[in-house]
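A.B. asks: Sequence:
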Amino acid sequence: MATLQAIVAERLSAAVLPIFPDAKIQVSATADAKFGDYQTNVAMTLAKTARRNPREVAGEIISHFDATGLCLPLEIAGAGFINFRILPERLAQEFAALTNDPKLGVAAPEIPHQYVIDFSSPNVAKPMHVGHIRSTILGDALARIADFLGHKVLRDNHIGDWGTQFGMLLHGWKTLLDRNALERDPLAEMERIYKRVSAECKESPLTLDSVRQELVRLQSGDAENLALWQEMIRLSQVQFDTIYGRLGVRFDVTLGESFYNSWLRDIVADLQAKGVARESEGAVCVFSDHKLPEKEDPFLIKDENGWRDNPAIVQKSDGASNYTTTDLATLQYRLKTWSPDEIIVVTDGRQQQHFRQLAAIYCRWQPEAPARLSHVWFGSILGDDGKPFKTRSGETVRLTELLDEAEERALAQVTEKNPTLPDAERREIARIVGLGAVKYADLLPNRQSDYVFSWDKMLSFQGNTAPYLQYSYVRIRSIFRKLDALWTASDEPVSFTDPAESQLAKKLLQFGEVLPTILDDHRPNLLANYLYELASTFHGFFEACPVLKSEAAVRETRLRLCDTTARVLQKGLYLLGIDVPNKM
RNA sequence: GCGUUCGUAGCUCAACUGGAUAGAGCGCCGCCCUCCGAAGGCGGAGGUUGUGGGUUCGACCCCCGCCGAACGCACCA
Numbered sequence: 004m005a006t007l008q009a010i011v012a013e014r015l016s017a018a019v020l021p022i023f024p025d026a027k028i029q030v031s032a033t034a035d036a037k038f039g040d041y042q043t044n045v046a047m048t049l050a051k052t053a054r055r056n057p058r059e060v061a062g063e064i065i066s067h068f069d070a071t072g073l074c075l076p077l078e079i080a081g082a083g084f085i086n087f088r089i090l091p092e093r094l095a096q097e098f099a100a101l102t103n104d105p106k107l108g109v110a111a112p113e114i115p116h117q118y119v120i121d122f123s124s125p126n127v128a129k130p131m132h133v134g135h136i137r138s139t140i141l142g143d144a145l146a147r148i149a150d151f152l153g154h155k156v157l158r159d160n161h162i163g164d165w166g167t168q169f170g171m172l173l174h175g176w177k178t179l180l181d182r183n184a185l186e187r188d189p190l191a192e193m194e195r196i197y198k199r200v201s202a203e204c205k206e207s208p209l210t211l212d213s214v215r216q217e218l219v220r221l222q223s224g225d226a227e228n229l230a231l232w233q234e235m236i237r238l239s240q241v242q243f244d245t246i247y248g249r250l251g252v253r254f255d256v257t258l259g260e261s262f263y264n265s266w267l268r269d270i271v272a273d274l275q276a277k278g279v280a281r282e283s284e285g286a287v288c289v290f291s292d293h294k295l296p297e298k299e300d301p302f303l304i305k306d307e308n309g310w311r312d313n314p315a316i317v318q319k320s321d322g323a324s325n326y327t328t329t330d331l332a333t334l335q336y337r338l339k340t341w342s343p344d345e346i347i348v349v350t351d352g353r354q355q356q357h358f359r360q361l362a363a364i365y366c367r368w369q370p371e372a373p374a375r376l377s378h379v380w381f382g383s384i385l386g387d388d389g390k391p392f393k394t395r396s397g398e399t400v401r402l403t404e405l406l407d408e409a410e411e412r413a414l415a416q417v418t419e420k421n422p423t424l425p426d427a428e429r430r431e432i433a434r435i436v437g438l439g440a441v442k443y444a445d446l447l448p449n450r451q452s453d454y455v456f457s458w459d460k461m462l463s464f465q466g467n468t469a470p471y472l473q474y475s476y477v478r479i480r481s482i483f484r485k486l487d488a489l490w491t492a493s494d495e496p497v498s499f500t501d502p503a504e505s506q507l508a509k510k511l512l513q514f515g516e517v518l519p520t521i522l523d524d525h526r527p528n529l530l531a532n533y534l535y536e537l538a539s540t541f542h543g544f545f546e547a548c549p550v551l552k553s554e555a556a557v558r559e560t561r562l563r564l565c566d567t568t569a570r571v572l573q574k575g576l577y578l579l580g581i582d583v584p585n586k587m
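Numbering (my numbering), first residue to last: 4 to 587.
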């Protein structure tokens, strides 16, 4: 079904475009009900370019607008807004259709797109820590949303399984490895030897030399080192999968950096052959082609002497490739293999320049590539002091540790509220609630701002949190448990008798309107905001309108409002990667 | 020094990308369980959106100058 917003926009286009062919039609839901249900500012935008009076333009548009069966006669308000009030019977009709719609008002896309979403990307031989949840949760949410909207999604975990760190790991594995510790916690042991070797390198040139040799042996295909390297990857992957299992995150492919090794040499050669890259100081680099304004050129940087080169290196002077080369190969592989319309890479904000350069290189190298390349970046995690987050002992918080703590705290809450529930059931609720709290806390803030890590904030169960939304859901479900018979929504028309009912219906109908923009802007936090608003609106309705005590058609309508709210909450939370319990 | 991203209530953050009276949570003060689940609801206090200019019907948002923060600036990813 088309959204009301889309229907209004379509009618508006029909009225405006014959008069102003260049007009950009925008219809938004109003923040305040006294301005109606939807509003547009096209009249003001048009008036500006046409140097006319906005209210006069608005009047002209209104006279061409066909409101039949859709809304009340249009109003001009303020400086030239046009406000739309949906007819009560139309609203009721749209809502009635929503109650049995499995897609909850989300319209199928005109053309389904293929997305490739690259997220999480942990490094081999390092435990996942809090820094990884943003990428993992954000990417997973975007994938779920794209999928539900009717697009095709490929989830790719681009793990860090290649690079200079393996010289240290191999040296450490051969000289310092504690087998028992490895058995107990492989990632912790690998991290330990890595840190020890890394420290030793600073003291001892001998160690440094051995590390280099181990790396060279690995890169040249030495059988022993290759086997150890594969073992490290295998052990790491087991740990990753455990965490992904807990988080409910899955991938379609896991193609790490090493997967692209065999293409790197040819890519560098091809870049040189096509004149995109050239040799400089022994390295192969991409320089500015001076086609962009200096300020927007990712290959230029300004210093006291003016603009100078800021090249991207695709081959180091020792002949080895680096991450730019790997990322180019990755880009090419994805484009050739899946023909995506958009590739989304979710990483932290420090890599912005890198991805800007990468996109620019790719466009010069393969100008015909049509996909949208989106770098979805997020801010860093800070401590209370505003500095990059570390625990008191200087360690990062392990993801496992965070999830354990979340479940423990939730269990204490659940036990306090429901002392009589069986232990297994309490634990399952605690798992859902604890995990939900962590994910929601991570998704709620605007992803681009740095955020301050705090246990209390991450694990808060009050206010604008997942447990609040889960609680709203649970309350609604308990209403249905009180009915004597199994209830299903009818197909009968509805009519609203209380303003709180139509307000809730409007909010529910917005689900299908906000979801596509959330994917487009890569901002799941807007979904969190929407769900919170929906829950508040529901509470308003629930205070004002008795459900079980009302009768006949009124009761039926209210049950349908409750049921649809529960379904939207459940689906919306699901799209954020959050489950709902039936009791809590 | 230059660039990127920012600076919004005591604290942590929103604000539909230029729209109408800048909204939430936490904390603080008060009220509501004989009434569909109090992990809840209702009300209150709290703001010159860092600062000074500019652009226009209209600015947290765009432009310029300051102040402050984080991150990044040629072979690490």
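A portion of the hints provided could be inaccurate.
Claimed, not checked - Straight-line C-alpha distance at most 20 Å; calculated SDA-like pairs for lysine to any residue: (1) 574 / 238; (2) 129 / 17; (3) 37 / 80; (4) 177 / 238; (5) 509 / 566; (6) 294 / 211; (7) 509 / 540; (8) 339 / 264; (9) 460 / 382; (10) 586 / 555; (11) 339 / 260; (12) 37 / 63; (13) 586 / 412; (14) 198 / 238; (15) 106 / 8; (16) 586 / 471; (17) 339 / 238; (18) 37 / 81; (19) 509 / 586; (20) 552 / 489; (21) 298 / 356; (22) 339 / 294; (23) 552 / 484; (24) 420 / 400; (25) 339 / 86; (26) 339 / 269; (27) 129 / 198; (28) 37 / 106; (29) 319 / 264; (30) 198 / 216; (31) 177 / 211; (32) 574 / 552; (33) 177 / 189.
Source of the hints: derived by calculation from the structure; they are not laboratory data.
A.B. asks: None of the hints should be skipped; say for each whether it holds.
C.D. replies: Structure-based check of all given hints:
no., hint, verdict
1, 574 / 238, "35 Å, violated"
2, 129 / 17, "58 Å, violated"
3, 37 / 80, "11 Å, holds"
4, 177 / 238, "16 Å, holds"
5, 509 / 566, "15 Å, holds"
6, 294 / 211, "44 Å, violated"
7, 509 / 540, "10 Å, holds"
8, 339 / 264, "17 Å, holds"
9, 460 / 382, "17 Å, holds"
10, 586 / 555, "28 Å, violated"
11, 339 / 260, "17 Å, holds"
12, 37 / 63, "23 Å, violated"
13, 586 / 412, "17 Å, holds"
14, 198 / 238, "18 Å, holds"
15, 106 / 8, "16 Å, holds"
16, 586 / 471, "13 Å, holds"
17, 339 / 238, "31 Å, violated"
18, 37 / 81, "12 Å, holds"
19, 509 / 586, "27 Å, violated"
20, 552 / 489, "17 Å, holds"
21, 298 / 356, "13 Å, holds"
22, 339 / 294, "27 Å, violated"
23, 552 / 484, "15 Å, holds"
24, 420 / 400, "29 Å, violated"
25, 339 / 86, "47 Å, violated"
26, 339 / 269, "16 Å, holds"
27, 129 / 198, "10 Å, holds"
28, 37 / 106, "30 Å, violated"
29, 319 / 264, "15 Å, holds"
30, 198 / 216, "18 Å, holds"
31, 177 / 211, "14 Å, holds"
32, 574 / 552, "28 Å, violated"
33, 177 / 189, "15 Å, holds"
Checked against the numbered hints above, the structure violates hints 1, 2, 6, 10, 12, 17, 19, 22, 24, 25, 28 and 32; every other hint is satisfied.
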